[in-house]
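Chemist: Sequence:
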Amino acid sequence: MSADLVGRWSIEYGYHSAMEDEELVLRADGTGWCEWSRPGLTEFTAFDWEPTRPGAVRVTPTRAARSESEELVELAVPDPVEVDYTVVEETRPLYPGMEVLALRLPLPFAVFPNESYGLSRRETPDGDRPHISWLDDEL
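Under the UniProt record's numbering, the first residue of the sequence shown carries the number 1, and numbering increases by one thereafter.
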């Protein structure tokens, strides 16, 4: 795996409070997910990923779901895609001069495909999907 991509990335990282966020998790074992959420609503796509050449990854979705008010709806799984990416430094407004590592990875199934994700941490969560406590009861 490409170590520069592994981590937990968030569109809202480094910005003041927001009512919604999109998080991208890329794990060293080649799995991950993209999750968009706001109060009472979340949508995620779980996937496998692998570098294909410098600056590009192949993302193969394995599951897609949406939940609203604790009701889970499975969605059509998007097609695999090869996507170019860049990792750059960006200034975010949370505090003066805040520099964050930002990933630009335009996934076609993301809610905000043209936004960059700020690296919130290199450690990634356990499990094969976002942890949504009530979702455990549905599976």
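Just to be clear, a hint being listed does not mean it is correct.
Taking CB as the label site, the calculated pair distances span [said to hold, decoys possible]:
1. E99 to L75: 30 to 38 Å
2. D4 to E70: 30 to 38 Å
3. S69 to E123: 15 to 23 Å
Because the hints were derived from the structure by calculation, they are not lab data.
On a predicted model such as this, the values are computed, not experimentally measured, just so you know.
Glycine included, C-beta positions come from ideal geometry on N, C-alpha and C.
Chemist: Compare the structure with each hint and give your call.
Modeler: Evaluated hints:
{"no.": "1", "hint": "E99 to L75: 30 to 38 Å", "verdict": "holds (36 Å)"}
{"no.": "2", "hint": "D4 to E70: 30 to 38 Å", "verdict": "holds (37 Å)"}
{"no.": "3", "hint": "S69 to E123: 15 to 23 Å", "verdict": "violated (31 Å)"}
In terms of the numbered hints stated before, the structure departs from hint 3 and from no other.
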